[in-house]
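With chain A held as given, fit chain B onto it using these hints.
The listed protein sequences correspond, in order, to chains A and B. Note that the numbering used here gives residue 25 to position 25 of the first sequence, counting from 1, and the numbers run on in steps of one. Note that the numbering used here gives residue 382 to position 382 of the second sequence, counting from 1, and the numbers run on in steps of one.
Everything labelled a hint here was simulated from the structure, so no lab data went into it. Predicted model, so just to flag it, every value in this text is computed and none were measured. One should not assume that every hint holds.
The list makes no distinction among identical chains, and a pair is therefore deemed to hold if it is satisfied within one copy or across any two copies.
As the list claims (entries may be wrong) - Below, computed lysine-lysine pairings styled on DSS-like, alpha-carbon distance capped at 25 angstroms:
1. LYS299 <-> LYS59
2. LYS100 <-> LYS115
3. LYS461 <-> LYS135
4. LYS350 <-> LYS253
5. LYS24 <-> LYS59
6. LYS344 <-> LYS265
7. LYS385 <-> LYS100
8. LYS338 <-> LYS350
9. LYS135 <-> LYS344
There are 2 protein chains.
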Amino acid sequence: MSSNYGITPQGENFSEWYNELVIKAELADHSAVRGCMVIKPHGYAIWELMQRALDDMFKETGHVNAYFPLLIPKSFFEKEADHVDGFAKECAVVTHHRLKANPDGYGLIPDPEAKLTEEYIIRPTSETIIWNTYKNWIQSYRDLPLLINQWANVMRWEMRTRMFLRTAEFLWQEGHTAHATYDEAETEALTILHECYGKFAEEWMAVPVVKGVKSEGEKFAGADHTYTIEAMTQDLRAIQAGTSHHLGQAFAKAFDVTFQSAEGKLEHVYATSWGVSTRLIGTLIMAHSDDRGLVCPPKLAPIQVVFVPMGRGEVWDQTLAKAKELAAALKARGVRVKVDERTKEGPGFKAKDWDLKGVCVRVDVGGRELEAGELGVARRDSEEKLTVAVDRVVDTCVRLLDEIQSNLFAKALAFREANTIRIDTWDDFVKQFEGEGGGGFVLAHWDGTQETEDKISEATKATIRCIPLEPLHPDDVVPGTCVFSGKPSKQRVVFAKAY
Amino acid sequence: MSSNYGITPQGENFSEWYNELVIKAELADHSAVRGCMVIKPHGYAIWELMQRALDDMFKETGHVNAYFPLLIPKSFFEKEADHVDGFAKECAVVTHHRLKANPDGYGLIPDPEAKLTEEYIIRPTSETIIWNTYKNWIQSYRDLPLLINQWANVMRWEMRTRMFLRTAEFLWQEGHTAHATYDEAETEALTILHECYGKFAEEWMAVPVVKGVKSEGEKFAGADHTYTIEAMTQDLRAIQAGTSHHLGQAFAKAFDVTFQSAEGKLEHVYATSWGVSTRLIGTLIMAHSDDRGLVCPPKLAPIQVVFVPMGRGEVWDQTLAKAKELAAALKARGVRVKVDERTKEGPGFKAKDWDLKGVCVRVDVGGRELEAGELGVARRDSEEKLTVAVDRVVDTCVRLLDEIQSNLFAKALAFREANTIRIDTWDDFVKQFEGEGGGGFVLAHWDGTQETEDKISEATKATIRCIPLEPLHPDDVVPGTCVFSGKPSKQRVVFAKAY
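So that you can see chain A by itself, here it is in the shape it has in the complex (with noise of 0.2 angstroms):
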């Protein structure tokens, strides 16, 4: 069954409703290329407005771009273990460097002559290169910190995929930093997640995020310890929005990355790593969007403001010139506007067409309405249209776009809290998890041991998503015992199912 937006309805099938919200909202779709996507113009659009706040927020901590190549050499997979483990197996790999017509009948072959002598890999993240790089680029403190970001697309030959949350291609990006000291790298792992990751997905996706630091289990396959911004969707579960990944020296002695420091020793260098990518827009998606389809936080929304004028002839004529004048005085306060001018849709379909989309407020311009000087404006959050007085409808757009941004946030946070539990038995932590829910947040003491996560995993499919570094709540950090095996726990961790 359809709602009449042409989209499952949330609450019967969650799975169902993202995908078809993402096909209709024309933010992605499929490929010819197995697990791929392509990103659709208005997808990609909001990508860039992600990308360009990200951006800003790296320059101003002190980042700098660069880019490294897309194909890794075999080998520098195997120089570290736990890395090869993690990311080495599923990934596409290059063999030759040439086609030939096939000289047994139709089409290309890839020519036998042009086997290459060691195979690439296109990256599924760029550790190894770039430390393989930074060897030549650092000798002494002196060249210390390094502090590079690169946008880049990378590639996972993902078994199950789900566009924007879990593609084989994916475009992100990958900051790599070079430390003289662990304290120094730890301070920038941090910096990373409060100052970037923490605040972007607060202040402009309107996504309240649990901050913490991931379980052995769960961290990045050559880190020391990798933090983390957990988000939930509406249908319960957590998402990982962000990490950030303190790595010690693991890649600095794979590669043989040393420094004379300013006493004079040779010492190997520490690291970060971290990254978000295009999930941030899945994220998004299932945080704040509806039966109606895409809810877009104003601060990342390519349309803000749509004017619909109405009528024909020289109403037409009359209710097009004021939704220009209207929109070219909005624009000139910062606003990202549009005036529908299609003339063969009527205004019922506009305005579905434009809930869909996630434009966050939508004028329409009526020609009876304009005569009696007041015009109908429509909240994309709520469902609340207001009547505004013609001349006070900038004025009107630009505080209802503020208050937009606030009200997702807020209702973003009060679902959240809404579906955190704190449990303390096993029989009602499996409750919690039980069906094909989500089953939130729940926040219960663990003994700290692989064994005990991997055990509750596999009975109830939660995981611990972070171990958080704030308590949610000052009681979360008393002493307890742990709802799978009774053993002490010092603090609650936050378990949910995880897309």
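Same frame as chain A, now just chain B:
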């Protein structure tokens, strides 16, 4: 022999000068991947400025961005015959999707069980995957035009590579548009040539370009015809800086992309594609830079003005404070500034360092000069050094940036004009291109045949760069006889040795 800037002088060996400059100015570095470079932060910052300016131009002319998959199914290349010849031969071929531990010893091997049933090619350009997608997006004339651009990495397995100019992997933008009529596609291809590429080259890069159409032998594989902008390097060669292709209906036919016209007829779509790449950075270097290092037009300079405080102790404190104050005032005027706070390096080293990196204006903040109320202001483009009253420094810098931008263009234009000659005899033509030197732009008559073009190129290594859209001189379109065959010719065309 090296100049005292550590770079082989241009006059001694242009090629070595270029390679050394790229490394020493920290624009790029070699990588462990055959034919691929690392774009270092200073080089990438230029690319970011280029991207921003071009992207704004694309959007002003009605285009939007999207993203299509990196990999292209092999069979897609088999669909357009000319295209396969041009692009599918030397390319990176993905044949496996997994590595596994080598059962016969150390390391990893492509898992034979993970061999792909159809190989993928890393995109050398995206016409095929994009037109395969457009097939689903275009049904009616109302879906047209489709004006899409993508920023992406592409890969061509080049045999001889040179940083920025020709690398196996490079960064670029590729526009792919779909139109209802031939004329509309033609207008699009020309809009990009004139309003984006030509304008960008001349107004941003300060590089004069000849705009023209390619001969059949030089056009894009699969195009109806190709427009180009051609720049001159300081070693008197041509460099193709950007191309815009009218693709006719070739890709629409290969991928069966039809639309219902307003009259209800089913027709094939007309296409254009157009691209510029990180090659523009190589063009920039070869057009303006000198034996002291990079010369960057202010509009594309990552650092436009650098302040170098001098002295020690209290004097240093004063000069540093003044440098910061002036830098802040300039920054508020929208200028990209830096204060050189390094204390271990002397002013002589610093002056050379900023010259090498292409900073447009250097302000020396000396203690004695500060006391006297006048500072030394050095222009990078000329050797000129001005003495400027402290309270005039900010205004002077702003004015100088404008002047340098204009001066670089004027200088490059004068250089091109001085090295553009009209030749009417085969003897003179051959002589002009003898030896290792470039030979400049030669305007000569040509009979219009591929045969003659090939013979001229074999004999002289000079190729037809383009048939100018506007004659460089009115006499260039007075009919004459081919410089090689003596057959009739309608107009002079541009011959040059090309990068």
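How the hints compare with the structure:
Taking identical chains as interchangeable, the C-alpha atoms of LYS299 and LYS59 lie at most 25 angstroms apart whether they share a chain (19 angstroms) or sit on different chains (20 angstroms). Taking the shortest alpha-carbon separations for LYS100 and LYS115, both the intra-copy value of 12 angstroms and the inter-copy value of 19 angstroms come in at or below 25 angstroms. For the homomeric pair LYS461 and LYS135, neither the shortest alpha-carbon distance inside one copy (42 angstroms) nor that between copies (41 angstroms) is at most 25 angstroms. For a Cα distance limit of 25 angstroms, the shortest separation of LYS350 from LYS253 qualifies neither inside one copy, at 59 angstroms, nor across copies, at 34 angstroms.
When the C-alpha separation of LYS24 and LYS59 is checked against a cutoff of 25 angstroms, the pair qualifies only between copies, where the shortest distance is 24 angstroms, while the shortest distance within a copy is 35 angstroms. For the homomeric pair LYS344 and LYS265, the shortest alpha-carbon distance between copies (20 angstroms) is at most 25 angstroms, but the shortest distance inside one copy (75 angstroms) is not. Taking CA atoms no more than 25 angstroms apart as the test, LYS385 paired with LYS100 passes in neither setting, with 63 angstroms inside one copy and 60 angstroms between copies. Only within a single protomer do LYS338 and LYS350 lie at most 25 angstroms apart by alpha-carbon distance; the minimum there is 12 angstroms, versus 50 angstroms between protomers.
Proximity of LYS135 to LYS344 under the C-alpha cut-off of 25 angstroms is restricted to the inter-copy arrangement: shortest distance 24 angstroms between copies versus 62 angstroms within a copy.
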